[in-house]
Amino acid sequence: MTDQEYRGNMNYPFQDHIVLNVEENVVPFPRTNLRKCQHAQVEIDTKALELTCMKCGAKVNPVMWIN
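With my numbering, the residue at position 56 of the sequence shown is 56, and numbering never jumps.
Quick caveat, the hints were computed from the structure, so don't treat them as lab data.
Even glycine gets a Cβ: it sits at the ideal position worked out from N, Cα and C.
Careful: at least some of the hints might be erroneous.
Said to hold, decoys possible - Once the Cα atoms are required to be at most 27 angstroms apart in a straight line, the calculated DSS-like pairs of lysine-lysine come out as: (1) Lys36 - Lys59; (2) Lys55 - Lys36; (3) Lys59 - Lys47.
To be verified - Derived DEER-like restraints, expressed as beta-carbon distance ranges: (4) Asp3 - Glu24: 47 to 57 angstroms; (5) Trp65 - Glu23: 49 to 59 angstroms; (6) Val26 - Lys47: 44 to 54 angstroms; (7) Thr52 - Val22: 39 to 49 angstroms.
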């Protein structure tokens with residue numbers, strides 16, 4: 001290794017980093033709203049190119065559902 005300071009990737013979005021608190025030894029994870037439907041089961045309509053949540057009936061964005 002070299003004696004240079006590690007800088008990391010400065011082009012990476014800052015909000016995507018996890019800030020570690022080594023004193024408390026806790027990693028904060030974002031909470032999902034469990035009362036809100038997570039759209040886990042969807043029906044795929046290939047003719048209309050839509051996804052519909054089978055639980056709540058909402059139209060779901062296919063790109064966001066894949067993530």
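Structure-based check of all given hints:
no.	hint	verdict
1	Lys36 - Lys59	14 angstroms, holds
2	Lys55 - Lys36	11 angstroms, holds
3	Lys59 - Lys47	14 angstroms, holds
4	Asp3 - Glu24: 47 to 57 angstroms	31 angstroms, violated
5	Trp65 - Glu23: 49 to 59 angstroms	39 angstroms, violated
6	Val26 - Lys47: 44 to 54 angstroms	49 angstroms, holds
7	Thr52 - Val22: 39 to 49 angstroms	45 angstroms, holds
Violated hints, listed in ascending order, are 4 and 5; each of the other numbered hints is respected by the structure.
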